[in-house]
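Student: Take a look at the letters that make up each chain.
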Amino acid sequence: DIQMTQSPSSLSASVGDRVTITCRASQGISNSLAWYQQKPGKVPKLLIYAASTLQSGVPSRFSGSGSGTDFTLTISSLQPEDVATYYCQKYNSAPWTFGQGTKVEIK
Amino acid sequence: EVQLLESGGGLVQPGGSLRLSCAASGFTLTNYAMSWVRQAPGKGLECVSAISGGGSTTYYADSVKGRFTISRDSSKNTLYLQMNSLRAEDTAVYYCAKRQTQLWSSFDDWGQGTLVTVSS
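Heads up: the protein sequence lines correspond to chains A and B, in order.
Okay, so the first sequence: first residue is 1 according to our numbering, each after it adds one.
Okay, so the second sequence: first residue is 108 according to our numbering, each after it adds one.
Fair warning: there could be bad hints in the mix.
A few chain B residues that face chain A, going by a derived Cβ cut-off under 7 Å, partial list only [as the list claims (entries may be wrong)]:
(1) 151
(2) 152
(3) 154
(4) 164
(5) 166
(6) 167
(7) 211
(8) 213
(9) 215
Lysine-lysine pairs mimicking DSS-like chemistry, simulated, CA-CA at most 27 Å apart [to be verified]:
(10) B:150 with B:172
(11) B:183 with B:172
(12) B:172 with A:103
(13) A:42 with B:150
(14) A:39 with A:107
(15) A:42 with A:103
(16) A:39 with A:103
(17) A:107 with A:42
(18) B:183 with A:107
(19) B:150 with A:39
(20) A:107 with A:45
(21) B:183 with A:45
(22) A:103 with A:45
(23) B:172 with A:107
Keep in mind the hints are simulated off the structure, nothing from the lab.
None of the values given here were measured: they were computed from a predicted structure.
Using N, Cα and C, we set each Cβ at its ideal position, and we do this for glycine too.
Excised from the complex, chain A in its bound form:
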């Protein structure tokens, strides 16, 4: 099975900072990658699919890039409402594995 590894596992940044989270697949997955945001006590929310396509309604400060095995989620200017755990997920084949999550906090 393909493994998804996110880094870092947690980060603390200031409001307005640029934040980057990486996700690495153990084998190539083309661009079949999604990013989800889960705020504390809330339901996961789709942010990005096909590695770089922003889901409708998601603020433009979020962006995604990558293909093959290496992917990134970038928040261009961190806002207080972005405090959450972020998960990547591959969906090219079963099992549809999630990364272990990256917890983002405000410094």
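Model the placement of chain B on the given structure of chain A, informed by the hints.
Tutor: Here is chain B on its own, set in the frame of chain A:
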């Protein structure tokens, strides 16, 4: 507006059974692949089962294979997860999640989740 409303969670003893339901509205269940995704307390996300839009393809994670069964009732627009031989490690919030299209797509809508606790 898409809505997914799970029910059926609760406290059950090891070895017991539960059936989770997910009532869908705002779309036709059989036009989309659907999945059950669980999250153990303080842990990450795991897709445990899925069914294709046409219903001909089902998937189970190794951790639940042979114990869980996914199904749906098109007349009620409702998805189910029958869980048998439950174990302590099945304790989690179970989310019903809609795929964007078919099985090889992301989860674009999620229910609020239902908590399953397996304990004596």
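Student: Taking the earlier hints as the rules, which of them does this structure contradict?
Tutor: Result: hints 4, 6, 12, 18, 23 break, sorted rising.
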